[in-house]
Amino acid sequence: MKIKLKVWRQKNQQDKGGFKAYDVDDVSDDMSFLEMFDVLNEQLVKKNEDPIHFDHDCREGICGACSMYINGRPHGPEQTTTCQLHMRSFKDGDTITVEPWRAKAFPVIKDLVVDRGAFDRIIQSGGYVSVNTGGVPDANDIPIPKKIADHAFDSATCIGCGACVAACKNSSAMLFVSAKVSQLAMLPQGQVERKTRAENMVSQMDDEGFGSCSNTGACEAECPKGISLENIARLNREYLNAKVTSDNI
Amino acid sequence: MILLWNVPLVASDYYTFNQANHMSWFTNAMSSSIGKKVLMALTGLFLVTFLIVHLSGNLQLLLNDGGKAFNIYAKFMTTNPVIKATSYLLYATFIVHIVWALIITVGNKKARPTGYAVQPGNVSSTWSSKNMGLLGTIILVFLVIHLKQFWYEMHWGGIPTANYDGMEYNDLYAVVNVAFHELWYVVLYTISMMALMFHLNHGFKSAFQSLGANHPKYNPLIKGVGFIIAIVIPALFAAIPIIMYMK
Numbered sequence: 002m003k004i005k006l007k008v009w010r011q012k013n014q015q016d017k018g019g020f021k022a023y024d025v026d027d028v029s030d031d032m033s034f035l036e037m038f039d040v041l042n043e044q045l046v047k048k049n050e051d052p053i054h055f056d057h058d059c060r061e062g063i064c065g066a067c068s069m070y071i072n073g074r075p076h077g078p079e080q081t082t083t084c085q086l087h088m089r090s091f092k093d094g095d096t097i098t099v100e101p102w103r104a105k106a107f108p109v110i111k112d113l114v115v116d117r118g119a120f121d122r123i124i125q126s127g128g129y130v131s132v133n134t135g136g137v138p139d140a141n142d143i144p145i146p147k148k149i150a151d152h153a154f155d156s157a158t159c160i161g162c163g164a165c166v167a168a169c170k171n172s173s174a175m176l177f178v179s180a181k182v183s184q185l186a187m188l189p190q191g192q193v194e195r196k197t198r199a200e201n202m203v204s205q206m207d208d209e210g211f212g213s214c215s216n217t218g219a220c221e222a223e224c225p226k227g228i229s230l231e232n233i234a235r236l237n238r239e240y241l242n243a244k245v246t247s248d249n250i
Numbered sequence: 010m011i012l013l014w015n016v017p018l019v020a021s022d023y024y025t026f027n028q029a030n031h032m033s034w035f036t037n038a039m040s041s042s043i044g045k046k047v048l049m050a051l052t053g054l055f056l057v058t059f060l061i062v063h064l065s066g067n068l069q070l071l072l073n074d075g076g077k078a079f080n081i082y083a084k085f086m087t088t089n090p091v092i093k094a095t096s097y098l099l100y101a102t103f104i105v106h107i108v109w110a111l112i113i114t115v116g117n118k119k120a121r122p123t124g125y126a127v128q129p130g131n132v133s134s135t136w137s138s139k140n141m142g143l144l145g146t147i148i149l150v151f152l153v154i155h156l157k158q159f160w161y162e163m164h165w166g167g168i169p170t171a172n173y174d175g176m177e178y179n180d181l182y183a184v185v186n187v188a189f190h191e192l193w194y195v196v197l198y199t200i201s202m203m204a205l206m207f208h209l210n211h212g213f214k215s216a217f218q219s220l221g222a223n224h225p226k227y228n229p230l231i232k233g234v235g236f237i238i239a240i241v242i243p244a245l246f247a248a249i250p251i252i253m254y255m256k
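Order-wise, the sequence lines are chains Y and H.
Reading the first sequence from the start, the letters are residues 2 to 250 in this note's numbering.
Reading the second sequence from the start, the letters are residues 10 to 256 in this note's numbering.
In case anyone wonders, no lab produced these hints; they're calculated from the structure.
Hints are not guaranteed to be accurate.
Listing some non-contacts, in silico: residues in chain H with all C-beta distances to chain Y over 10 Å [claimed, not checked]:
(1) L70
(2) N89
(3) F103
(4) H164
(5) N172
(6) N179
(7) N186
(8) A188
(9) F246
Which bits of chain Y does chain H cover? Going by a derived footprint, with three or more residues having C-beta under 8 Å, they are [claimed, not checked]:
(10) 103-112
(11) 171-183
(12) 207-214
Here's a subset of chain H near chain Y, in silico, CB distances under 10 Å, partners left out [unchecked claim]:
(13) S41
(14) K46
(15) N117
(16) Y125
(17) Q128
(18) L220
Even glycine gets a Cβ: it sits at the ideal position worked out from N, Cα and C.
With the rest of the complex left out, here is chain Y (with noise of 0.2 Å):
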């Protein structure tokens, strides 16, 4: 099939950046999107052509690198990373529009690529425990009901790949950084820095200009891991709860 592909090129951050044309010929069905723009900028390469730069690894699904915004949608028209989204999903003659993460959090690097440092930073504001002394504990020492520990893992599943800021309206970090608080909460290890760890994070993510959530649900309808909007509800929680009682002043 052929694909008419209209991607942002941006050459750097101080650039304005504009979208160009391109016409890729001998796409099949079978390929992943990714392996489409191979395809292109193997043949801009030959052209001595500055490729069309964009983040990606592990093309598994498991990694999240990959951002793009495809046709009005992060990772495109199927609810997965744009690796796993396969040109059978685009009819023979589209023109599909790529464009990188909109936020003013997720600055433009160089065409689709952007740094969603900003995301490193809440983490390190809190998205961890601190296991200070002792030994490797027995791996079925601490008992956590099951149910629990199913929720804390479906939080858990959260690569960071920023497709709930793209999607968001207002460029807002809330599923992200509730899945982050959640999984922690949820558990026994997560207890004694459990309150600090909201109220640090959510602080980060204000600081680093990612919007408020209004609770329009897009972020998750397009989380390829199905993070759910409960996990909003629990920081709301969360974060309240700690604002009250926290010992922090």
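Assemble chain H onto chain Y, guided by the hints.
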């Protein structure tokens, strides 16, 4: 004993708290993105209770008593000290809900300085959830006209009076009756109530989410009650001018 206070009692005291600024913990909480949404939720839910009270009053317009019950009710609502005190809380709630909506919207717009070329449409979220500001603005425009027409007239306007059982009452019913026979006002009223319908359809359940109330046991109830409130309240409000216009 004094020394004990300085000893960290729990391990969390070792974990750095990152928010060293001049704000009190309360101001800090309320100025966070979550705090602002909590305020929107609380004020919004309070405004819903106001709508229910307002509607119960309005339904008396449909009684065939020449407006007696409505006028007596109107007098009670403007003179009873408890209601009067509550009304100041209500005005404040309206202002906070509106001003905070503006603050939040400006902040949200700043979070995405460059927009997308292709919009997602309504595939991943409902239209009303993305247009609460627009819906709210329609309701605000209506509110201003509505307040001028009835609330201002009732308090400071020269409106006719009626006598029931030797007592003098402002004949607000007559003022309403005139307004509800003007086609433009009935149309404006109906459109505004439709905006309210969409606003409540998202707002009611969204308020509970913002307050952290999301539980499989209660979600169906919140959704159901929200749907009924969003449909029934605006529909009954809109029915009154339409019925009176056709009378």
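Hints, one by one, checked against the model:
Annotated as non-interface, L70 of chain H keeps its C-beta farther than 10 Å from every C-beta of chain Y; the closest such distance is 35 Å. Here N89 of chain H stays apart from chain Y, with its beta-carbon at least about 34 Å from theirs, past the 10 Å limit. The beta carbon of F103 of chain H sits about 20 Å from the closest Cβ of chain Y, which is more than 10 Å, so the claim that it is off the interface holds. Against the 10 Å criterion, H164 of chain H stays outside the reach of chain Y, whose nearest CB is about 36 Å from its own CB.
Residue placement check: N172 of chain H keeps its beta carbon more than 10 Å from all beta carbons of chain Y (closest about 51 Å). For N179 of chain H, the non-interface assignment is confirmed: its Cβ lies about 42 Å from the closest Cβ of chain Y, beyond the 10 Å cut-off. Non-interface status of N186 of chain H relative to chain Y is upheld: no Cβ of that chain comes within 10 Å, the nearest being about 40 Å off. Chain Y leaves A188 of chain H outside its interface by the beta-carbon criterion, the shortest separation being 35 Å against a cut-off of 10 Å.
No beta-carbon of chain Y is positioned within 10 Å of the beta-carbon of F246 of chain H; the least distance is around 25 Å. Residues of the region 103-112 of chain Y lying with their CB closer than 8 Å to a CB of chain H number 4, which satisfies the three-residue condition for coverage. For the region 171-183 of chain Y, the assignment as covered by chain H holds, since 4 residues bring a beta-carbon within under 8 Å of that chain's beta-carbons and 3 suffice. Beta-carbon proximity to chain H at under 8 Å applies to 6 residues in the region 207-214 of chain Y; the threshold of 3 is reached and the given coverage holds.
With a cut of 10 Å, the hint placing S41 of chain H at the interface with chain Y holds, because the nearest CB-to-CB distance is about 6 Å. Annotation: interface hint on K46 of chain H holds; nearest CB of chain Y at approximately 6 Å, less than 10 Å. At a threshold of 10 Å, the smallest CB-CB gap from N117 of chain H to chain Y is about 4 Å, leaving the interface hint in force. With 10 Å as the threshold, the beta carbon of Y125 of chain H comes within range of chain Y, its nearest partner Cβ sitting at about 6 Å, so the hint holds.
Because the beta carbon of Q128 of chain H sits about 5 Å from the nearest beta carbon in chain Y, less than 10 Å, this interface hint is met. Among the interface hints, the one on L220 of chain H holds; its C-beta lies about 7 Å from the nearest C-beta in chain Y, closer than the 10 Å criterion.
Violated hints for the displayed structure: none, as all numbered hints are satisfied.
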